[in-house]
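Student: We have chain A already, so just place chains B and C on it with the hints.
Residue numbers (our numbering), protein chains in the order written: chain A, 1 to 236; chain B, 237 to 581; chain C, 582 to 867.
Bear in mind the hints are in silico, worked out from the structure with no lab data behind them.
The structure displayed is predicted, hence computed values, not measured ones.
It cannot be assumed that every hint is accurate.
[Claimed, not checked] DSS-like cross-link-like pairs, simulated, lysine-lysine; straight-line CA separation at most 30 Å: (1) Lys346/B - Lys864/C; (2) Lys448/B - Lys668/C; (3) Lys346/B - Lys422/B; (4) Lys864/C - Lys102/A; (5) Lys102/A - Lys130/A; (6) Lys128/A - Lys668/C; (7) Lys67/A - Lys130/A; (8) Lys668/C - Lys422/B.
[Stated by the list, open to error] If you only want the chain C side, here are some residues facing chain B, beta carbon under 7 Å, derived: (9) Leu671; (10) Val675; (11) Gly679; (12) Leu689; (13) Glu690; (14) His847; (15) Leu851.
Quick reminder that beta carbons are idealized off the backbone N, C-alpha and C, glycines included.
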Amino acid sequence: MSTNFLQTAGLTARYGDAQALFGIDFHIATGETVAIIGANGAGKSTFLKAITGLVKVAPGALTIDGKPWGGRSPGDIVRQGIALVPEGRRLFPSLTVEENLKMGAYAGRPGPWSLARLYTLFPILEEKRKVPATSLSGGQQQMVAIGRALMSNPRLLLCDEISLGLAPIVIKEIYDALPAIAAEGMSVAVVEQDVMVAQRVSRRLYCFQEGRVSLEGASDGFSREQISQAYFGIQT
Amino acid sequence: MTATVIRSTRGSQAVIAIAAALCLVAATLPLWGEPSWMREFVEIACYLIFAMMWNLLAGYGGMVSVGQQAFFGLGGYVMLALGNFGGINPFVAIPLAALVAALASLPVSKLAFRLQGGYFSIGTWVIAEVFRLSIANVAAVGGGSGTSLTALRGISRSTRENTTYWVALACVVASLALVYLFLRSKQGLALQAIRDSEVAAESQGVGVARMKLAVYVVAAFGCGMAGALYFVSNLRISPDAAFGVNWTAFAIFIVMIGGIGRIEGPVIGAVVFWALNKFFSDYGTWYQLGLGLLAILMTLFFREGLGGFVHRRLGFEMLPTRRILQLAPPAAPATASRLTPEVTA
Amino acid sequence: MTETIVQGLLLGGLYCLFSLGLSLMFGVMRLTNIAQGDLIVAGGFAAISIAPLVGGHFVVAGLVLLPLAFAVGYGLQRLVLNRTLGKDPLPSLVVTFGLSIVIQNLLLEVYSASPRSLEAGALSTGSIQLGEELFVGTLPLLILGVALAATLGLQLLFSLTPLGRAFRAVSDDREVAELMGVRSANVYAIATALATALIALAGLFQSLRTTVSPADGPLLLLFAFESVIIGGMGSFWGTFVGAMVLGVSQQVGFRFDPGWGVWFGHLVFLAVLIVRPNGLFPKTKG
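This is chain A alone, in the form it adopts within the complex (with noise of 0.2 Å):
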């Protein structure tokens, strides 16, 4: 039995005028994958927001590795080796493919990912490296976000609708990567509105129901009479 690096309790937060959250209980392993779903407009984003820092929680709602640390701005947090794959992928369109990627490694962490590295797990990014990233398909946009992301060489990996409007094939290639990714050791939460897809993925699953969690458990333990019940509040 592994700890949970990264905690929240009764994490609530707010989203513009309006609460999203009520109070959230969610626990992270080191190595474990967790897939969150939920419909639009769940929280699911919110929450991975308020993990990094985007969006203002209360000190003791987070913790990691013990330690309260809501409240704290995003580059404490992604210094503290949690990064963010931002849903829609939010690539900096003035910059190279190569230089959204460095931009990933600013917080200066430590740890094993590199350019090279990289290069290797997606070697068609070495070979548009200098292309503006915004010029490239949405599939290899998706791995400059997820590549920009490891370069800060994270313990826990937040991945936001990574599969959002791209082809099956391609959501397959990258979530065929991800165990290849993760296994140094490193967590992998991922959202998902294609429940198949999140419970094929991960070991365990939350299912978000405005801004509440409405089902929590393993993976594969679950109806699709459960999952549906929790997804969409009502009695199928």
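Tutor: Frame of chain A; chains B and C shown alone:
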């Protein structure tokens, strides 16, 4: 469930009633007041009208112009040309000059609207400078050193001053009514929708570009009127006085003090400005420096201005422009809950 | 004609230095600094005040002035301008406009309204022969050289260094840049610090080449702005070329009538705005 649309509150009705009474009293000022009071009023009226137009542009239209003096100066020169060369009574020429300024704003907008945000601001300033330098090259109006309004010669001083005062009062009331009715109209509501979210307004079928143009033209009309009025009262015009950026500087100050994006803001600001001017203008550079500093501090720490402060304290808007949807059962209008997010009281 | 163009290009060198700071601040944080011109004038006056304290030579004065300006710019952004940033450009415009008024009146109070200049020594009278009848002043040539170097330096800083990448990243997407550990408040402050140092350099040269007086600021702002817009917002080279176009335009106008120089420059600016609203070197969308 029934709902009523509330367009005024008891408080706002009282404000309008008091304002109307004040206007009546003000109209009799020439009978009992000092001539210097009238001159002072005319001057502050020009600042007020100019500031109202700047508020309309920046506070409602999102266009932070630093070049409205282009239309102010144009209004002044057109009035002078109509009076001196056209034989038109300068008082009659005031609305005509405003109209010319509004017409001129159409081609000017084609240039200015190519720039956005802060670059729009400086772009409008360049345009005002082009106006100034061009007029300075017209010998018929005295070039760079300017000229005098001769059309009012032969009218007795007291008649001229009384008429100027009444015209100024009428201009202020007309500008207030113009802005108030414009903002309460369908276009005005659309404008406030644009201010709150351009994308959302566009998706609701509000033609953002057309609305911005409408605001720009209305503001040019008002600034042209202010300029014509100012130089009827002043009797002497020069490019530097007519197209000086000082006009915008004072307008920004007046609006930021009074509260940007509210109709009563410039009125409150103009009163404060008048008072400060009266007591501190002898301090010259230090006074100007203080005004600049005050504008900075208001923007940084007190963006709602005095108007917003009063609004929060009173709990009602003096001149509401929004339509408030009130769900039954009806309560006293003054305490009606508003559907706008900005109300915190 | 050659004479006019050469003089225009030399004038453009000065305008380039006026405009680089404006271009830099707008590029990194979409902040339009209305006080740009007044800061240039303030830089000129500061150089005039510093020079006698350090033995009178303008180079030494510059060496003292630039770090000072850098610090002032950093503080200005950190303490004041960072509070005005956001989607709405109004707060930053009003604050920099207010700052412009404050600086003008402060200079007026301290230095009075009369124009002043900084003694350049032998440099101000020296000239170099380029053609049979074409002489160019050493000082204007030096200014053009510095403008070229500053443009090249900024371009290299932006395209090759980690700081330059951070500048471009916060400009593209501040939130994501912060996710990578970029402290945008600090990056913005460094941008304004650099811009202010360039502004001070421009002011130093302005006071060497002609004169500075407290009321000059707005006109210098307009020149800086016109250079940026004519060039387009694609690169610092665009700003450089824009400044050259403006310098030559003014010089051509000046040839026709001494009163027309500035006016003709404005007209060329408006013409570019009509024909090429995105400038001569528009920003290419990635």
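Student: All hints are to be evaluated individually against the structure, with a verdict given for each.
Tutor: Here is what the structure says about each hint:
Proximity of Lys346/B to Lys864/C is assessed by CA-CA distance (about 22 Å); at most 30 Å being required, the pair is judged to hold. Of the pairs offered as hints, the one joining Lys448/B and Lys668/C holds, with about 18 Å between alpha carbons and a cut-off of 30 Å not exceeded. Between Lys346/B and Lys422/B, the direct Cα distance comes to roughly 24 Å. Compliance with the 30 Å bound is thereby established for this hinted pair. Only pairs whose Cα atoms come within 30 Å are accepted, and Lys864/C paired with Lys102/A is accepted, the gap being roughly 23 Å.
With a C-alpha separation of about 12 Å, the suggested pair Lys102/A and Lys130/A falls inside the 30 Å cut-off, and the hint holds. Taking the CA atoms of Lys128/A and Lys668/C, the gap is about 33 Å. The hint is violated against a cut of 30 Å. This hinted pair does not check out: Lys67/A and Lys130/A have alpha carbons roughly 41 Å apart, beyond 30 Å. For the hint linking Lys668/C to Lys422/B, the alpha-carbon distance of about 26 Å falls within 30 Å, and the restraint holds.
Below 7 Å, beta-carbon pairs count as interface contacts, and Leu671/C has one with chain B at about 5 Å; its hint therefore holds. At about 5 Å, the closest approach between the beta carbon of Val675/C and any beta carbon in chain B falls short of 7 Å, and the interface hint on this residue holds. The criterion of a C-beta within 7 Å of any C-beta in chain B is met by Gly679/C, whose closest approach is roughly 4 Å, and the hint holds. Because the smallest distance between the Cβ of Leu689/C and any Cβ of chain B comes to about 5 Å, under 7 Å, the interface hint for this residue holds.
Annotation: Glu690/C was flagged as interfacial toward chain B, and the flag holds, the nearest CB pair being 5 Å apart, inside 7 Å. At a threshold of 7 Å, the smallest CB-CB gap from His847/C to chain B is about 5 Å, leaving the interface hint in force. Interface hint at Leu851/C: satisfied, since its Cβ lies 6 Å from the closest Cβ of chain B, which is below the 7 Å cut-off.
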